[in-house]
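> Here is what each chain is made of, one letter per residue.
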Amino acid sequence: NAGVMQNPRHLVRRRGQEARLRCSPMKGHSHVYWYRQLPEEGLKFMVYLQKENIIDESGMPKERFSAEFPKEGPSILRIQQVVRGDSAAYFCASSPTGRQSGNTIYFGEGSWLTVV
Amino acid sequence: DQQVKQNSPSLSVQEGRISILNCDYTNSMFDYFLWYKKYPAEGPTFLISISSIKDKNEDGRFTVFLNKSAKHLSLHIVPSQPGDSAVYFCAASAGGSARQLTFGSGTQLTVLP
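Protein sequences, first through last, are from chains A and B. Residue 26 in our numbering sits at position 24 of the first sequence, with consecutive numbering throughout. Residue 115 in our numbering sits at position 108 of the second sequence, with consecutive numbering throughout.
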């Protein structure tokens, strides 16, 4: 009865390096969402994916950020050439479907990225 | 442009009393509202939700009220317990093809023993 699994829980990267955050949705869930929480702020939507498809990436920064949800394996949020402003908590969430109003999405424990 | 606002960053309540957390929204397209609870260094945990076709939803100690005309919702916790101390986020979404949630900035609830 695993929930949404994220790893790593904590990641430290130097400026200019790449960060990869992984997310396995709850069993039976085919929709994945990534949210970011900057210090002292609420969660902000980044991207919504189904298997092999990006449905909505309106919250993703235009550069350096990408996300995928391959047919096999976890969803990956990739941040290239990290900068200090990327330091945040990144939360993955999943839901069984994305189209029906009334579906609740369930969050993972988060991945805390620190850029030094 | 904050579409979901939680104007009280913090709230302190005595154990056993009622906690009332408030949330206002501006987007009239929102049709589904959720409350999440979050402890430090953990992910948000879903508490309770309400569809715009209802004005009240109750689950145990938690009740959410929705006033569509005022674009306001509130979460009532009664009786409050020390374990309820956490940050509470209000979130909203609009019907359609995406389940993008718009979150408020959160209210830190402290229940005093």
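Keep in mind the hints are simulated off the structure, nothing from the lab. As the structure is a prediction and not an experimental result, all values here were calculated from the model. There could be a bad hint or two in this list.
With a straight-line cut-off of 30 Å between C-alpha atoms, the simulated DSBU-like cross-links for lysine-lysine are [claimed, not checked]:
1) B:K61 to B:K12
2) B:K63 to A:K46
3) B:K61 to A:K73
> State for each hint whether it applies.
Structure-based check of all given hints:
| no. | hint | result |
| --- | --- | --- |
| 1 | B:K61 to B:K12 | holds, 21 Å |
| 2 | B:K63 to A:K46 | holds, 27 Å |
| 3 | B:K61 to A:K73 | violated, 38 Å |
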